[in-house]
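**Q** In order, the protein sequences belong to chains A and B.
Numbering-wise, the numbering used here puts 219 at position 219 of the first sequence, and it's gapless, one number per residue.
Numbering-wise, the numbering used here puts 100 at position 100 of the second sequence, and it's gapless, one number per residue.
Don't read these hints as lab results, they were simulated from the structure.
Take the hints with a grain of salt, since some may be wrong.
If chains are identical, the list can't say which one is meant, so a pair holds when it fits in one copy or spans any two.
Said to hold, decoys possible - Subject to a maximum C-alpha distance of 27 Å in a straight line, what follows is the list of computed DSSO-like cross-link-like pairs (lysine-lysine):
| hint | residue 1 | residue 2 |
| --- | --- | --- |
| 1 | K235 | K70 |
| 2 | K179 | K333 |
| 3 | K409 | K355 |
| 4 | K22 | K409 |
| 5 | K22 | K333 |
| 6 | K409 | K294 |
| 7 | K355 | K407 |
| 8 | K271 | K246 |
Protein chains: 2
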Amino acid sequence: MKAIIVIGDGMADRPISELGGKTPLQVARKPSIDKLPRLGISGIMDPISPGIPAGSDTSHLAILGYDPYKYYQGRGAFEALGAGLEVGLGDISFRGNFATVDNDLVVTDRRAGRIGNSDADELAKSLDGIRLDDFPDVQVVFKHTVEHRCAIILKGPRLSRMVSDSDPEGERQKIHVVKNLDQSSEALRTSSIINELTKRFHQILENHPVNTRRRVAGLPPANAILFRGAGTVPKATPITETYNIKALVIAAGALYKGVCRAVGMDTIEVKGATGTYETDTVAKARAAVESLSKYDYILVHVKGTDNAAHDGNFKQKIAMIEKIDALIDYLLKNVDLSETFIAITADHTTSCDWKEHMGDPVPISITGPEIRVDSVERFSEVDCAQGGLGRIRGINITPILMDLIGKSKKFGE
Amino acid sequence: MKAIIVIGDGMADRPISELGGKTPLQVARKPSIDKLPRLGISGIMDPISPGIPAGSDTSHLAILGYDPYKYYQGRGAFEALGAGLEVGLGDISFRGNFATVDNDLVVTDRRAGRIGNSDADELAKSLDGIRLDDFPDVQVVFKHTVEHRCAIILKGPRLSRMVSDSDPEGERQKIHVVKNLDQSSEALRTSSIINELTKRFHQILENHPVNTRRRVAGLPPANAILFRGAGTVPKATPITETYNIKALVIAAGALYKGVCRAVGMDTIEVKGATGTYETDTVAKARAAVESLSKYDYILVHVKGTDNAAHDGNFKQKIAMIEKIDALIDYLLKNVDLSETFIAITADHTTSCDWKEHMGDPVPISITGPEIRVDSVERFSEVDCAQGGLGRIRGINITPILMDLIGKSKKFGE
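Start from the sequences and build out the full structure, keeping to the hints where you can.
**A** This is how it looks when you write it as structure tokens:
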């Protein structure tokens with residue numbers, strides 16, 4: 001028995017007046033998605049707890065069975081893992097941006113003109129592996145990911161994730177001086193390292209031939225790195241060990257791959273899977289079906305629904321839901337439902353009106369063999385509330401799916 | 001966005017045979033209350049946990065978002081806060097009764113003939129601020145509240161709330177000697193202080209001119225104070241700080257005002273709000289509407305439903321529900337539902353048959369903008385169990401309402 005869970009990021013919503021008080025899930029044409037409740041059992045799910053808006057990182061941790069209040073230690077390590085870097089238990093990881101600053105370190109472009117991949121790759125090589133004179137025991141790992149984005153890891157003794165961001169999260173502001181967020185000597189030391197590193201990175205980048213070239217071409221130089229989201233990798237028993245399974249994530253975004261890698265899941269690259277509106281959802285479905293022979297538990301993540309909601313674009317959100325319908329259609333046509341379970345849910349509600357994550361529950365449907373089929377006919381926030389699963393929490397989902405595929409362990413005798 | 005939550009104390013019930021197996025909520029004429037589920041989302045709510053009968057104090061703590069197992073530290077401090085006293089973190093507060101005792105300290109009237117306010121006020125002045133020779137470092141604050149009731153606070157070092165009551169809770173019994181409930185020196189010291197104070201209060205009251213006058217008039221003298229409910233104020237982040245809101249309680253009973261004050265809410269006095277069957281519920285609704293410009297979150301409490309159930313009087317309970325219907329009617333006519341949420345619930349089930357709090361869940365309905373409207377048509381224990389909120393806990397309510405009005409904070413990124 002196998003299980004595939006499809007997560008539409010931020011796919012749930014609140015009723016939208018322009019949609020006659022319906023949600024995008026209620027309005028979208030999604031005959032395949034709706035087969036899941038019709039053939040299965042449904043419910044509503046609070047990613048964290050009722051009324052608490054979840055981040056994508058905390059929610060995915062919960063959905064994979066890890067209490068985020070216990071295991072969440074910042075976003076940085078997930079981004080680094082998702083970028084394919086190896087992150088040790090004591091390492092401190094950050095998300096970073098290539099940015100443009102003036103001589104006073106005032107940010108003039110937070111994305112260095114959305115610098116292209118080849119320039120950024122070349123610049124990254126000059127930063128990876130550098131050492132600071134004042135902190136000779138600290139190793140710096142630097143990797144460019146996509147566009148202006150990068151991941152940075154500090155490796156060494158006495159480091160702490162309890163440091164603030166240098167990223168001012170806006171332009172025409174000076175790069176923030178990083179501060180210690182607790183009174184430990186480790187946090188103080190780490191904040192000094194980042195402040196020192198910010199200067200060194202600026203020195204190296206300012207005079208780098210790539211930036212000389214960019215200036216000549218009239219492009220903003222990528223002459224600074226902004227740090228944010230200091231994080232460590234949680235010390236958790238891998239999901240593969242807990243359930244004695246092989247598990248895979250199919251996602252484009254580094255964060256989702258990172259969370260899944262942190263709990264022991266494998267990742268694969270799928271051609272056409274981009275994390276954008278143009279992503280090839282059927283390619284993801286095909287990759288999932290092809291991986292079923294090797295994996296017991298596969299998480300397929302689609303990001304575009306969340307992007308659309310953050311943009312306040314409910315039409316785009318509906319279009320993305322319809323692209324997820326194509327994904328489910330492929331699965332239903334190519335998966336043997338007598339030995340495979342398919343679940344669909346969202347990692348949180350993202351409101352097109354508020355353009356933000358909200359604390360409302362999300363719908364969930366599960367179909368497969370030996371399911372207690374209820375009377376829910378459509379996959380939506382309102383319909384699924386009438387389902388046989390009742391109201392569950394994110395942290396319940398993986399134990400339910402592992403139990404359905406016969407991988408749970410009895411507690412007691 | 002704003003939220004008003006209306007709490008009918010003990011409003012939920014069990015089916016009553018004299019009502020053809022219906023509950024008072026199912027029988028009462030309440031067209032306005034029923035509009036809330038019709039326009040909104042409903043569910044059932046366990047104030048604490050399924051099957052656990054909640055007190056009004058623990059339930060209100062939970063409804064305001066504070067886990068009562070963590071934050072409940074006895075009733076006394078809430079009564080003192082509700083009486084308008086300032087209570088510090090180490091202070092020990094009690095509820096008290098003016099009572100009549102004979103020469104052997106046997107209680108002959110637990111309420112001193114339901115002593116009137118002017119007599120009690122005058123007697124209280126002679127007790128407030130006294131010092132005990134053996135405990136010179138302890139300050140005594142004494143305030144009469146209503147009828148025979150009073151609040152007492154001990155301020156000083158090394159005090160503990162872990163002491164038993166002196167109130168025998170019945171007549172023809174001697175005032176109980178207060179005992180320490182744990183082995184700490186603080187509890188032992190506090191029990192000695194109360195026992196000493198009981199004697200001093202008796203000495204002062206026995207010969208007080210008010211009691212001389214009362215004896216002449218044939219009234220029972222108020223010559224003793226009975227202590228119960230030793231409590232401390234919980235050390236909790238105020239709700240106003242957690243959510244960055246202004247919050248108000250509209251209630252007559254000291255307990256409700258006290259719990260709300262303990263978590264940082266303001267109180268106002270409403271003319272005609274009495275906490276009895278005669279209370280002016282529409283005056284409370286008017287006060288809520290008038291306060292909407294200043295406050296984000298308003299809790300309106302009505303006590304009479306609980307009193308009626310404790311009296312075993314289901315007709316009176318139905319009448320009180322109909323008075324709450326008038327309150328909701330006023331709100332619906334005077335509140336803009338495009339920017340204000342209205343919720344209604346009970347703090348616990350009080351059974352007219354058992355005349356006591358029971359552990360059954362209570363119904364809850366929430367209406368306002370962007371609500372995922374379900375198909376529940378009536379506000380009752382049975383109907384709301386079919387609602388889109390499913391089964392939630394008391395502690396979920398404030399997070400849900402704060403998220404609806406856009407005051408929640410995301411956990412994770």
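**Q** With reference to the structure, classify each hint as holding or not holding.
**A** Hints and how they fare:
1. K235 <-> K70: both (10 Å within a copy, 23 Å between copies)
2. K179 <-> K333: neither (54 Å within a copy, 52 Å between copies)
3. K409 <-> K355: Answer is between: at 14 Å across copies they meet the 27 Å cutoff, but 41 Å inside does not.
4. K22 <-> K409: between (41 Å within a copy, 25 Å between copies)
5. K22 <-> K333: For K22 and K333, only the inter-copy Cα distance (25 Å) is at most 27 Å; the intra-copy one is 29 Å.
6. K409 <-> K294: within (22 Å within a copy, 40 Å between copies)
7. K355 <-> K407: Between copies, since 14 Å is at most 27 Å while 39 Å is not.
8. K271 <-> K246: Classified as within; 22 Å inside a copy, 52 Å across copies.
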